[in-house]
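Given next are the chains, with one letter for each unit.
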Amino acid sequence: GQNIDQPTEMTATEGAIVQINCTYQTSGFNGLFWYQQHAGEAPTFLSYNVLDGLEEKGRFSSFLSRSKGYSYLLLKELQMKDSASYLCAVISDDYKLSFGAGTTVTVRA
Amino acid sequence: IAGITQAPTSQILAAGRRMTLRCTQDMRHNAMYWYRQDLGLGLRLIHYSNTAGTTGKGEVPDGYSVSRANTDDFPLTLASAVPSQTSVYFCASSDRAGTDTQYFGPGTRLTVL
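In order, the protein sequence lines correspond to chains A and B. Sequential numbering from 1 applies to the first sequence in the working numbering. Sequential numbering from 1 applies to the second sequence in the working numbering.
Derived by calculation from the structure, the hints in this document are not laboratory data. Glycine included, every Cβ here is placed at the ideal spot set by N, Cα and C.
Just so you have them, the derived chain B footprint on chain A, three or more residues with Cβ under 8 Å:
{"hint": "1", "stretch": "24-33"}
{"hint": "2", "stretch": "40-52"}
{"hint": "3", "stretch": "86-96"}
{"hint": "4", "stretch": "100-106"}
Model the full structure from these sequences, guided by the hints.
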């Protein structure tokens, strides 16, 4: 099976930066997704990385190192609305998406 | 454009009953998926369909069946519900199977007593 690990919970202050790490051990690799999920809602797409390096999209950035089986999602200038779960998901060699359990981020005033 | 819709929003079901969760998308996506989400376990793939007329088993298919008669609809059926099937069920779709981004419906919260 696929193994995708991310911290369960993180807390940060409004305006700060938070980095959510994701490590994976999968049978093959065809890309990594980050999704945001607010409580009681559907996951929504944030980013996709397939090559090594940093992808920046506004306040959110995602980094990938394929050789290390590692990614992180960086949230800058945190806002209260960023309180949510962040899901790391990997496409393995069977082209199926496997998800980590998610990291719940709480932003405090 | 609604994207993906799911019905019902929530349901309480007696064990042993048959239940069909509905999923419809209007994006003309080829691929569709069913996941269940349980606390601490993340999203797990139940069944998928790469294109209309084809279906496949995911990580946790036992107790579930699907059909894909057309592009838009992808119903999930529990033939005889059991309490362990209590979960939140999400339908998703992508333009093509493989690496295309998956877009999720609002979910169905199912409780089996």
